[in-house]
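Trainee: Going down the list, the protein sequences come from chains B and F.
The UniProt record's numbering applies: residue 1 is where the first sequence begins, and numbers increase by one.
The UniProt record's numbering applies: residue 1 is where the second sequence begins, and numbers increase by one.
Don't take every hint at face value.
Said to hold, decoys possible - Below, in silico cross-link-like pairs of lysine-lysine (DSSO-like), each with a Cα-Cα straight-line distance of 27 angstroms or less: (1) B:LYS379 x B:LYS540; (2) B:LYS82 x B:LYS124; (3) B:LYS364 x B:LYS379; (4) B:LYS96 x B:LYS82; (5) F:LYS48 x F:LYS122; (6) F:LYS138 x F:LYS122; (7) B:LYS295 x B:LYS226; (8) B:LYS33 x F:LYS416; (9) B:LYS33 x F:LYS122; (10) B:LYS96 x B:LYS124; (11) B:LYS33 x F:LYS421; (12) B:LYS124 x B:LYS90; (13) F:LYS48 x B:LYS295; (14) F:LYS138 x F:LYS48; (15) B:LYS226 x F:LYS48.
Treat the hints as calculated values from the structure; they're not laboratory data.
Given the structure is predicted, the values throughout are model-derived calculations rather than measurements.
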Amino acid sequence: MRRPTVLGALGVMVLLGAGCGIPAASDVRVDGKGGAATEAGVISRGSEPPTRTASGSDNGAFVRNFLSAAAGEPDRAYERVKAFIAPEDKTRLQDKKGSEVALNVVRLREAVYTLNSDSTTTVKIAVQQLGVLRTNGTLAPPVATETEYEFGLRPASFNGGANDDRAGFYVINPPNVLLLSDTALREYYQDETIYFWSSDRSRLVPDQRYRPQAVPVERQVNEVVKWLVGGPSDWLRPGVVGLPDRTELINNATGGNGRWEVNLDMSGDDQNGIDQLITQIAWSLGDLTGQLELKIRNNAQPVVDLGERRDSRVLYPYATGPQRFGVYDGAIHPLDFDGEPSGTVPLTPEANRNVVSASLGLAKDRRILAAMAVTGSGKNRYRLAVGTGADPVAVLSRSGTEYSSISRPVWLRTVDNRPSRGLVVADGQLYRFDEAARMYPVPLNLPSAAVTAVAAALDGQRVALIAGGRLYVAAVNLDGGGVSIGPPRELVTSLTNPTAVDWGREDQLVVAGSVGQPAIYEISVDGALETPLRTDLGAKVTHLTAYPTNRGVRAPSGAYMYEANGVAYRSSPFERIEPGRVRDIAPVPTGVRPSNPSAPFFLY
Amino acid sequence: MTITLVASSLLVGGFAFLIADKITTILLDSARSDVRQRVTSGASYAAKQVSFYGQPQEAQLQETIDGTVNYLAGGDPQQTSGVVVAITANDYPNDIQTRTSPSANVQSLISPELRAAIADGKVASQIRTGRLTGETTKYLVYGSPVPTRFGQIELYYLVPLGRQDVTAADARATVVATGVALVILLGLLAALVTRLVVNPVRVAARTAQRLSAGLLDQRMVVNGEDDLALLAASFNQMATNLQRQILRLEEMSRLQRRFTSDVSHELRTPLTTVRMAADLIFAERDEFDPAVARSAELLQAELDRFEELLTDLLEISRFDAGFAMLDSEPTDLVPVVHRVVDRLAGLAERVGVPIELDLPGTPVIAEVDPRRVERVLRNLVGNAVEHGEARPVLITLGIDETAVAITVRDHGVGLKVGEEKLVFNRFWRADPSRARQTGGTGLGLSISLEDARLHGGWLEAWGAPGQGAQFRLTLPARAGDRLTTSPLRLVPADAALPFGGPRDGGPLAIGPGTGGALAIGPAPAGDGQRTEVRS
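The shape of chain F in the complex, shown without the other chains (with noise of 0.2 angstroms):
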């Protein structure tokens, strides 16, 4: 509507300009031509007037110029038209003084340059604004040298542009009148338009953002039978859909997580009876047969799985009902690190896979909870060692003003592409038919992603196949803060480029690739042409 008013407004406008302008000139126009033809038939008179002498001296030579002047003002000094006519001798000004009719001022409306151009012998005119005989009008002021025998002067028309100017004004007035009707009457249209067409339209817009921000209750308010009506009930049905559905899943979701709750919660039970005989048997193996007492180790072994299994389902169902509560407090995560790589030194001198830390010489003060932290960097820190195919495992620390992150590097497999992301969900294992060597439940990473996410934080990954993996945990240094940028890089620095990356100084050939895409690749060896480029 605005814009309607602008543009609406700037074309009225343009034309307004261009109507009054063109009337205006056709007024001064007329004007102009008028008096030129006055100032041109009173030059030859006043010429053939003072034809008869030879000398400026002459003393009937002032007498004729006044009859001349009064003659050619109308011979009664009392009208009031307000034309002056004017004789002046700038040639002489000590023998013919200047005469106008009606006696007046005139030197104040008659420019230098005007005297200038007449002087010159050119019949030139300007609008001067003056006070002449009543008030102060805008002026036509058109000169005429008048030749004489003696030498020249000069006649000079003062004809008061007051009646032009003011139908100027009159003109120009109506039109702006005009315009500004035209422009209010748009404004009045384009507001009736916006409230019948516009509103409802914005009114199904916010609706539809309250709808998808989750007020699932929001509708639309249908009137009459029109196409917005249409669209209303169209929308109102697609929200009933979908509000019905998405509480259908809520329900079975919620009925899941309950589930899972439950059956880990009930599992628990038997699970300390099955434990303390199982305790018991463990305890009293070395009396049983060898198969016997083997079985009773691999019980034993077993049960802590279903125990760690079942505390992280645990764990997991804590997330989902939103329980998890974070116990944040400033922790220094250098020790963090150390009891970490400690406790698991066991495992990892048992794969063979050396451990190595890159951290900074002073405390790394951070907000955090520093069990929720510790067990995320458990589960990186072991899932390196046990996919470290006996190369060394990297941990890096790294602070900035509003981060703290860890990079935790490994040499083995790696990950495929996509696989980024699979390694978050829940019991998903990068190959299936591996054997387990640490007995991971499947559930660590998920953990760590919600303890993450519970930090205002960000756990990535990052591998390719040959190349091993890094995972990065960046968390803010103050609790509740966003993050923005991570102090450390999530792809390593050693890592190989995609396609295999430049060779080491090599020269890269682009070209024609196929499906008409444009190929980029190593150039041909032996080429000896460092850069080449073809059109």
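The following block holds chain B by itself, in its conformation from the complex (with noise of 0.2 angstroms):
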């Protein structure tokens, strides 16, 4: 009796013991409401391209709806144009995932409708090809050579009843790639500018990139850092590093209301070069204001002003405003204008002598860089002349050899005080020259080697060539002393036989050519997008130089003069620069004609 009892009361205890453990279920314990719902209701988005119905029964608008409908984000590109296309001929179109999505962007050229017999309608798209918009916002060059599509369209009321206008049309024996028209690429992308340092770290060089309009603002951000994840342009690659290797976004970037959270999984702690990323992807967002608070690993930096990083680091150190000058009579002198500032030649007058063209610049130190083609010892022999130093330079070096012709030598900007270098092009070849004006050439991997034009970025990091008669742009490696130029991009263009370019905008070029008759384009950088700023001039343009800004120098926006015939004219306004615009000129004899300024250029 006694045994049981207490080995009773020792199980109880034990039990009481063990059955407060954890339990292996439990009933559902609520703690509150969740956390705030973010506003509800549509995401702000920009616009997106019109849909198959859109057009009604007018053709050509339908072509052109079809040639926008892959715009916009690129994972559904596919979807989108394959709403035009008619069901029984869906699967002629691959689809292709993720990064594969390509828009092959063409420039219509022509389009021929031929009606059927079978209501059907055939039509013929002669294109340029301008490149590959791809998935990063990049605009690579073509791969596709055809220069001609050819599909069919039907009503979409084919098989039923009545032929309602309303019901637009179908896309037959649709090509096998997602087309583009550069006007869609104008009217549904957004072209942004992002930057990435130089190899030597020293300067911000703008890539230029399209962001989907469809693409809502709150995602901007994340774009943008994924850009820049996902490194620069390929042409682009031997002027400028990337972010470091297996740089990572972690998920998205996020933010609103003025405040930016970006997270990226990056190897290396190095202060400064986390405090170059925050400044390069604060020039990178453009205009957008607030804070940024970047994360390395989880890491939160301090959180960053965008608006006071860019004006704390500027992009370019630009010296003074633009000043204009020109040769007349072999010497160089200022051109005066209404409201603007004209100096004075930074050059003695020993100096300033035989010049036929020039290109004056002013390095960090304010000193004077001075390369000149000037007149060599007979006629037609030119030597370029170097001279640098302090207001007004006195002393040239001229180069050892002359050449038949010689372009407008150019100089690469430098934001150190690393000697000076400048690109010229003599007889048909790239040279590069130091301040001894000492000349090397540049070999270029380019299938015509005769190189009649070239012109450096602000940011000394990329070049413009023109190069039998085709349009390049290079990047440039300054690394070591030398100057290497990467491989040449050509640009598809409107312009044929382009013969003078410079650098209008950080990705503007202004080219001058000719489309029938000879013409000046503003065009973008990957040759896509441009604006004609002269069509009806006479003479074809041997000189153009033109100021180049950016978004940190807004005045005067587009400037550019230029020679054509011998006569030298400027823009906004557009007019001829007349000899009494030289200033510092002695007084032409009453009866002489006078000779005209020649050779336009800036100073800055």
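Since each chain sits alone in its own frame, please combine them into the complex, following the hints.
Mentor: The following block contains the structure:
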């Protein structure tokens, strides 16, 4: 009796002790309401391409819409295009996924509509392949060589009852590529400039991207950071550095209401590098204002105000506003225009002689960089003369060799105190020169070696070239004291026979060429976007300079000057540069026809 | 000792429960608050991540959810913490797939109730047991709604409670082991105390019991010089004195009985001689002087009484010596009663006492010694007739399954209070001054009592002054059986209740009596009220 009782009591104790562990299952315990809901409703989106039926029975508009359909977010491009394709032919367009999705951007030259007996319409479009718009927003050089596409149209109500105009058309026999017209690129994409550090990490180099306007504003930061992580455009790679290898954006960059969070998985904890990255992001985000909180592997960096960061880290140090100069009677003279400052020639009169064309630059320490093509020992013999130093420059070095032709030299601007270098084309060959006017040929990987013009961008890391009648852009690498030019990228333009080029804006070139008659176009750095500046020139442009602007410097916007048929002109307002504008010249005796100012250029 | 153990076990068990429960609660609470924090921040992170998307069909939404889940799980799917993060979209099962990191099937662990609570926009948690990545474990499933622009998706953290479970089990095992050890220690202590204190007392109690049962040579062991030793010594002293006294008294009693027996025997021989001489004189009394003849008659009568007395004394001494033997046989008691009545009919007639019989019509068979029963009945009826005061004497015979009973009722002067026991004493008389008419020896009821006891029966008396007396003899129907009840009542039905009893149909008054006692008595006449209760 006693033993069982004791055992029972012990058992009760053990049970009591054992009965209170973590239960195998419990009831649901509610802690309260969840987080506040984000504001509901539709995200603010930009314009999206029209739908299939938007064009009604207008087959021209339908084709235009068809060539716009791929615009927008890439992952649904096939879906949008297939909405235009007749159901039975949808399989002809084979889907690609993810980063494989590429849009063939074409410039529509001509469209021919042939009505067939079976009420279908055959459409032949003649196109110019501009490039391939990739998911990372870059417009890569074209890979397709087709200049013509052919497909059919049939009314959507072909098989059903009445022929209703509102039913629109279907595309039959579609081409097995995604086509995007240049107008659609202009209309449904926003061209954005993002920046990468030059290979010596001294300057930010612009890189052009296209952001679908369908992407909501909230995702802009996300897209930009993804682009930065993805690295620069191919042609730019020799001159810039991307983010460290294996850098990844951790999930999405989020934010709103003036505060943005970017979380990167990035190797290296170099604080200077991170600071540069913040500057890079700040400039790449365009005009976006607000606070940026950058996290490197979840380690938060100090929060930075984007606007303040852009204000404190200017893109390029501009010394002054542009001053216009021109060559008059073999000497450089300031050009005087109302409302614009005009400087003095930073050369001694002794040095300022025999000038054919010139390029003056201001280095970081306010040294004057002067490079001039000067006449040589005989007719049509030219040398390069280079002089640097404090204003005024008195001593010039001259190149040892004389050339039968020599273009206007350009300086590759740097922001440090390294010896300045420049580029010049002489006798169809691209040369680099140093401050002692020594010239070294620069090898170019081009089918035609006959280079006729060169222009350097403000950042000094990109050049535009004209060689063999084609327009190229290329990255410049200044590492190791030399100058090497990366693989040039040809730009497909409407202009033929380009004759002169210069950088008008960060990602825009001012190109002189011909569209039937001589014309000046502003062309984006990838060639896709063209804006005619002047199409009524009477003569071939032989000389063109522009004052490059960027987001840091606004005015004067798009200023350029050119020389055609021995006469110099200026833009905005467009006018001929009269001899009266040339300062510091001796009065022309009456009766003598005054010579014209030539080879105008900007000092900045 | 058992009570000590049970009580201490319960107490220790209670404490063990409290402590283990507290530890578990603390562990769970800390886990809960930790996970809740993670869920809250995770939900706000996820909400930011999906805030880009206005429709659940957007292709990058699924990627974002994948990335978010991986990020919230720590980014590395190979991590071994066991925490599983999951995002589900209850409302959009076709557009958004459930994602977990590390990949596991969490559906079984997310109960419909939890799902419903979270679908209702609540942050909620539940403990569930299941198997996700490794072995079956308890999981704390914490869920939170993640608001998006198109509706709501759900974020779950499934945190294994293995560590907490092990800790709780450890704590519990420690507590239980401590408790068991404590209880065992208490048990040992209690056993020790019992050995030291309770056992001697128990031995003493047993010794005292044996002593009281008559084993007078029982003694306690005296150990040491403590209180218990003192007790044992005193006890032994007491037992020795008691034993000596009892032996002395026994010896005296034995001598007394022996004396009585011897005297009786020694008197018998001369009495026989005297008797023979007296018989001779009595036979020749007609030839003597009338005065001498009267003396011879007196001598004859007193010799008869003397002989009777000697017989009774010898009988008593036989009982005292323990030589009385019961000669039981099945006997019908009805003829026995008739025989007794017949033999006393002469005396009854002489004193004018009618004898009434109330006997069953059937034989009343019992296993008794008929000679002794008859002697008892003769004695009782004789006494009744003697004290009958010329009123009837009633003899009643009763039987039931286990016993037979005979009552003898007279209506004489009765017995005073307390005399019911005294009547059985040897040579006791109710009124010593009263003349003896029947010449009883004064030993009759004593012998009758011994006879009844020899049968294992009862002989009891009842009497009340002025109401006569009743004697009841109860005998077991089978020899050797124990008696429990009697078939007949001891107190006769016509006896008045004490204090006069209630008058016929009259009310009783209950009220304060003398000395604070409660007095019950007849209610005052003419009161008119049958019952009145006063407080």
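Trainee: Compare the structure with each hint and give your call.
Mentor: Going through the hints against the structure:
| no. | hint | verdict |
| --- | --- | --- |
| 1 | B:LYS379 x B:LYS540 | holds, 23 angstroms |
| 2 | B:LYS82 x B:LYS124 | holds, 19 angstroms |
| 3 | B:LYS364 x B:LYS379 | violated, 37 angstroms |
| 4 | B:LYS96 x B:LYS82 | holds, 13 angstroms |
| 5 | F:LYS48 x F:LYS122 | holds, 18 angstroms |
| 6 | F:LYS138 x F:LYS122 | holds, 22 angstroms |
| 7 | B:LYS295 x B:LYS226 | holds, 15 angstroms |
| 8 | B:LYS33 x F:LYS416 | violated, 96 angstroms |
| 9 | B:LYS33 x F:LYS122 | holds, 4 angstroms |
| 10 | B:LYS96 x B:LYS124 | holds, 25 angstroms |
| 11 | B:LYS33 x F:LYS421 | violated, 93 angstroms |
| 12 | B:LYS124 x B:LYS90 | holds, 19 angstroms |
| 13 | F:LYS48 x B:LYS295 | holds, 15 angstroms |
| 14 | F:LYS138 x F:LYS48 | violated, 31 angstroms |
| 15 | B:LYS226 x F:LYS48 | holds, 17 angstroms |
Violated hints, listed in ascending order, are 3, 8, 11, 14; each of the other numbered hints is respected by the structure.
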